[in-house]
Amino acid sequence: MEIERHEYDVVVIGAGGAGLRAAIEARQQGKRTAIVCKSLFGKAHTVMAEGGAAAAMGNVNSDDNWMVHFRDTMRGGKFLNNWRMAELHAKEAPDRVWELEAWGALFDRTKDGKISQRNFGGHEYPRLAHVGDRTGLEMIRTLQQRVVALQQEDEKLHGDPEAYIKVFQECTITRLLKTGDKAAGGAGRAGGVISGAFGYWRENGKLILFDAPAVVLATGGIGKSYVVTSNSWEYTGDGHALALLAGAKLINMEFIQFHPTGMVWPPSVRGILVTESVRGDGGVLRNSEGRRFMFDYIPDVFKDKYATTEEEADRWYTDQANNRRPPELLPRDEVARAINAEVKAGRGSPQGGVYLDVSTRLPAAEIVRRLPSMHHQFKELADVDITAEPMQVGPTCHYIMGGVEVDADTGAASVPGLFAAGEVSGGMHGSNRLGGNSLSDLLVFGRRAGAGASAYVDGLKARPVVSEESVTAARAEALAPLERSGENPYEVHQELQRTMNDLVGIIRKAEEITEALESVGKLRERAKGVGAPGGRIYNPGWHLALDLRNMLLVSECVARAALLREESRGGHTRDDFPGMSPEWRRKLLVCGASPDGSEVTVEERTQPAMRDDLIRLFDRAELKKYITEEELADFDALVKE
Amino acid sequence: MGYKAKFRVWRGEGGEGRLEDFTVEVNEGEVVLDIIHRLQATQAPDLAVRWNCKAGKCGSCSMEINGKPRLGCMTRMSTFAEDETITVTPMRTFPVIKDLVTDVSFNYAKAREIPSFTPPADVQPGEYRMQQIDVERSQEFRKCIECFMCNNVCHVIRDHEENKPAFAGPRFLMRIAELDMHPYDVADRKDAAQEEHGLGFCNITKCCTEVCPEHIKITDNALIPMKERVVDRKYDPLVWLGDKIFRRSRTTKN
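Order-wise, the sequence lines are chains A and B. Counting in the UniProt record's numbering, the first sequence runs from 1 upward without gaps. Counting in the UniProt record's numbering, the second sequence runs from 1 upward without gaps.
Here chain A stands alone, though its shape is the one from the complex (with noise of 0.2 Å):
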């Protein structure tokens, strides 16, 4: 059968926030660039973020600035972030914000016209820009209609809107192509560069090749492989494995984050978010017997920054100069284990979750005006009236901390060629990202990971050459699962979600983990064997089959670091290791897999240490608590300078 061949100097894989922001990019650069999408153009998870995008603007509190909104991010990961990516981070996320703004965005305003800014957890100032509830829907449109316009511009100019950039929307790819460094004119590097991707459209079954020195990965995350998620059934993890098996490195897959609040109830709905803006405009948490349980759980670390009365923790919406923040808004990490231990406790609500409540906070035309589309899905999922009525929510997996580890400036990974942004890429959240971090960041390394690939692109002196041997076999294992009449991909696919829910969720031990590692090695076993009837027009069957190895070579990643962290630390907590380790703070666990995908190896690696003047903008009482009596000293010195 005929493989469609295209060429691009940068294939972008995945069209959400990131994905979209590198390819506009990458065009605005004059590179030929291609997006491919497992979905429809503007349906890409991004949609389903709520609360904001993060960034210090200032608009609400001009004691906001970059340092603030860093030193936030660092300690909201623990300290474990890559600080250079938390510095960019922090300082970028406005320009990135107000761009947004030029290309048409509508942020809900301030009083005096500009974009109004919202208090989220772990945030020390109101800093996310918003659109009532639905931010990420916002923020997609906009960049979707931002590609429309460079697509109306190159007609003008060139006769056709798909010149420099196209969609290929329905399209999975299941392998990076790479090729002999040699070949490209390298300086012979071990293990090649990337010269394409492969893959299949869905809608067709058609097989498609692109021939492109740059590939930047932004498909997000991998929730599909636990049970309770919010994530869509895009999030499979394929830009993770595709960075493993093209021998990319990914780093801090022990952390990942349960949201806190997901519906708990009805059972089809369980898991769906329940934005963070709730608890951020004013609703608490209660448990069974109507405490505000999360006064009980503030953690050492942060004992001086929130309230630790009801009195004061309500007088801080009205005034945050002279009160301390309420425990609900504590780092969602926090959240989310507080949540766990009180339904652990016997204290949970008739459907296993706890209760969320605005309904005696706000009046309700104010929850309906700042909320809508939390009202709008409690009404109608749940039969919930949010203003009349408690929640009830529970944790759910939501985002994972890690992913391909990336060059901050560039985004590049280790592989020549290959990139990534967003949630596939590892680091800039550390153990635990913040709400409303997400968001900025996908603009603020969507952008330099677009410009780290067109760099990257002028700096070759040949474009490198897809081998035949490559796409022969990338062909014969996309068409593998239409050939063999195995099991249905949908139960290994259900017991992997249960493995990871169970065993690897949100509190871990040893015997559980190791338990979690036997059964993904059995059901990576039988993935091998799954069948998929039916034709090779949109058969979900067949689509499912190929994602399976993604997941679980991820989720194989996830499990093998989570037993080797031996402490508890964001999106990772050890029921056998409960305290934060400062020896641990310093190591990176990078994850590695042979070409094939047999293998899974993670090594141990030295975290570098902050740069002088960014550890300067912390008190000395604050990293203390974090960092070793080694790097405490060094500090010390620094300080006497």
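Zero decoy hints are in this set.
Derived CB-CB ranges, DEER-like:
1. A:622 / B:126: 24 to 34 Å
2. A:7 / B:126: 31 to 41 Å
3. B:121 / A:566: 58 to 68 Å
4. A:455 / B:6: 58 to 68 Å
5. B:136 / A:640: 52 to 62 Å
6. A:564 / B:14: 50 to 60 Å
Computed, partial: chain A to chain B, Cβ under 10 Å:
7. 39
8. 97
9. 107
10. 110
11. 115
12. 150
13. 380
14. 490
No lab work stands behind these hints, which were simulated from the structure alone. Being a predicted model, the structure only gives us computed values, none of them experimental. Beta carbons are placed, not taken as given, at the ideal position from N, Cα and C, and that holds for glycine.
Take the given structure of chain A and dock chain B to it, following the hints.
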């Protein structure tokens, strides 16, 4: 609870197909999309359906349920009687690719025909100042999740293929209104709305508003005001002049 429901689902590809009968388990709190997924997992692994967020936010799972355009993820099974046969078919206005999946490229082609947001050349990013009340009108239209059910239900094109080239459909006429009401958009959109995008075809039957899962008042708030602006423009030179002056004064203040 849990019961067995009778489903009739359209199956087919390449212009041919038929309704296929299924009996399938239904549990408390489920929506139609859950049942379609159960069919995939247990009886018809190659049954094609689009979906993403499962929370009414992405607009992927548009289908016709008992003849009405609905999002599968927002249609609760409890709204049907247990002995009722539920018929699920693809959107009628767009060509079927397979089963419940249709070729919606018409919509993407129309999106590209609408000139993009055009801000004044002298306003830099970060300098935009707008009042909440002035952005709210366009914000209502930007709630659109592009499920394309308004275009699907619109009688101008639902059974009139011949009108498709000249008609953008409610979704994209609303987009023109959205841009026209954007406080910083300086493009002139009124003549084109009428002459190029087919605003005149709309005879305000409000079918689009009725099916909108975001409850956007497409007809009342976007299409009718847009029609009024076109009429004003056509017949009242003073309004046109005033509009020009008003725009200029607004874009120079900072």
